[in-house]
Amino acid sequence: MVSLGLLESYLPYMLEGVLWTLALVGGGLLLGFAIGLPTAIFRVYGGKVAKTIVDTYVWIYRGIPLIVLLFLYYWGIFPIVFGIKLSAMTTSILALGTRDGAYQSMIFRAALEAVDPGQMLAARSLGMGRWEAVRTIILPQALRIAIPGWTNQYAIMLKDSSICFALGVVEILTRTRYVTISIGSYFIPYLIAGILFIFLTYGGTKVFNILYERVQIPGLVGGK
Amino acid sequence: MGEQTVPKKKGTAVYLLVGLLILGLIVGFAVGWLAKPSPPSVSPSQICAIQKSKFTNPPPPNQTVTIIYGFDANYPPFTYILPNGTAAGFDVDVMKWIAQKYNWTLVFKPWDWSTIVTALVNGDIDVIMSGMTITAQRSQQVWFSIPYYSYIHEVVTRSDVNLSLEQILNSGQPIAVELGATSDEWATKLLNEGYRFQKLGLDSYTAATEAVLKGTAIAMITDSAFFEPYLRTHPDAAAKLRVVSTLGSYESYAVATRPGDIWLRNQINAALSELMSSPMWDQLLEKWNLK
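If you read the sequences in order, they're chains A and B.
For the first sequence, this note's numbering assigns the number 1 to the initial residue and increments by one for each residue that follows.
For the second sequence, this note's numbering assigns the number 225 to the initial residue and increments by one for each residue that follows.
A couple of the hints might just be wrong.
[Unchecked claim] Here are the simulated lysine-lysine pairs, DSS-like style, with alpha carbons at most 25 angstroms apart: (1) B:515 x B:320; (2) B:333 x A:159; (3) B:276 x A:85; (4) B:515 x A:85.
[Stated by the list, open to error] The following label-pair restraints were derived from C-beta to C-beta distances: (5) B:286 x A:65: 47 to 53 angstroms; (6) B:396 x A:159: 30 to 36 angstroms; (7) B:364 x A:90: 37 to 43 angstroms.
[Stated by the list, open to error] Coverage of chain A stretches by chain B, computed from C-beta distances (three or more under 8 angstroms per stretch; other residues unrestricted): (8) 12-22; (9) 165-173; (10) 186-193.
Please keep in mind that the hints were generated in silico from the structure rather than gathered at the bench.
For every residue, glycine included, the Cβ atom is placed at its ideal position computed from N, Cα and C.
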């Protein structure tokens, strides 16, 4: 039988893992955004070469399991190829971010393509430059359209981040694992971890939904 | 008139830059993927030559020595985590004693057991003291201190399972082991010898014990260093489990260091010898139910 007092004493330790998980997810999503948005723009409005390069990047990163990417970065690419020794946390954010960039690229590509092509033609006919039209006309709409897809990406990354335990990043699941061993019971610690993930998923998606409702345009996809 | 009739703006430099960045990543991947350590082109006698490492020589006087101590946080009573997040266990106490003796600063770094040797070789950690068995395979990558604890492997099943060792190993059912541990090596060895069972690789001996108690595995391969203290601290589980047989002969735990860290290993060996011949050693063994 689990000693509830002992489990209770471990709760702050487990809760501290939330900060690490959020740091991984936040860092990963931001990096993913920084990669995903430009690559999507190049993919849609760039030439054939840009399209091929972005498609290759997406193809590679979508095909590699996250744990393989983590180990490749940590023990292969950065120390051997670039000669840089990165911390486990930085490597994890880089792995999560570069992989997420591929997925976000697809989300933004779909969002960019969802904007009526006539708008680009109209903007160009008014004398706007190509980049100016993308920046001022297409992108503000596409970013709004992309929010639901982005929300889903947050939920996916939240759960994916737990794999970073393999490099010793002490996020929620790593800490839960340590607690189960220390108290000799599995059910309740993992139940707590599950509840924490549900709250984080629910809380995060709620924030994105509120954002979506605030910025949506009447008449546009999903707009009331 | 359409989009294609509008002359394109110059964006070639930007495309090129992004293209180069992505190409760099792809090339990085390819090199990282294909880069394999080439076999040594030196004679066997030269292979033993020690490469200079972080702690090959004594540090200058008055310089603080910081040792990054890597351990498996899933291996009580040797190494585990307390509610405040600090490390505890028999091995932790011994390492703290050694650090105190030499006035070293210890940095505790829990690490996944399956990659801990790579982490040591790679310099992420400086020592491993976490119930690490001296094996020939590991000795090719790391060098061990003097042994400090002996144990034997055991096959454990539930008390209500009335099967012999041979019957269990030929049952075709799952036998739990800890992934990357010596129990994992034992399971592989037994399978190679022709026994018919399924290897159920789990992340700790505690998980393996849970699998046997819950009936998801018919038995587990564990070691007495974990199992005997576990039974003493979990009397309810002790009534439900029995040792079917031991496997092989006694093996030993030691502290692992990088081959080149001669000074560090000598210091650890000297401290271990001193501690093991003092009354403190027995007190520590008793404290952690290892005696």
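Violating hint indices (sorted, rising)
Going through the list in order, the structure violates hints 4, 7, 10 and respects the others.
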